[in-house]
Amino acid sequence: MKKLFKLSILSLAFLLTACIFNTAKVSFDPIPYEMKVPKEIAGKLTLEPMTGDWVKQIAQAGVTAALMMNYQAEDGTQHGFAGIYYMPEDKFDAEANPNEPPMFGTEVSRKDGYVLAVAGPQDSIFEPFTPDGKNITTLNEELYKKSSYIKTN
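Using this note's numbering, the first residue of the sequence shown is number 1, and each one after it goes up by one.
Be a bit skeptical, because a hint or two may be false.
Straight line, CA to CA, 30 Å or less: simulated BS3-like cross-link-like pairs of lysine-lysine [claimed, not checked]:
hint : residue 1 : residue 2
1    : K56       : K134
2    : K145      : K39
3    : K25       : K134
These are calculated hints, taken from the structure and not from any lab test.
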């Protein structure tokens, strides 16, 4: 029985170590958050400030910072994957309308008077059985997990 218990503890420790070291952190700078993603996907992600007319609209709504997360496919093409929004919680709450999709995506963190929200794709942008499809499915799952985000300051 003792051997089985020790083996269980060792297995659990190995599993936890594999989970911890199999992720990388993607900085959302200037937003004070990082996102944990699988290492094999992290290198395929880039972040850039949002641009265009949408920036004017979101600034008027009180968004402090907004980024676009892009995914680089196996063939080298870049694909917009998710919008990342950071704003005072009162501004986020003011935009909530139960009869419409959320303007700034889904809240994933609320701390220090601010909300971090993300808006990902509604459908897969790749065939699910391809390597890119599998990556996007995994990334989409991580995108909406509150435990994927770490406040940095």
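Quick rundown of the hints versus the structure:
1. K56 with K134: 34 Å, violated
2. K145 with K39: 17 Å, holds
3. K25 with K134: 20 Å, holds
Going down the numbered hints, you'll see the structure goes against just number 1.
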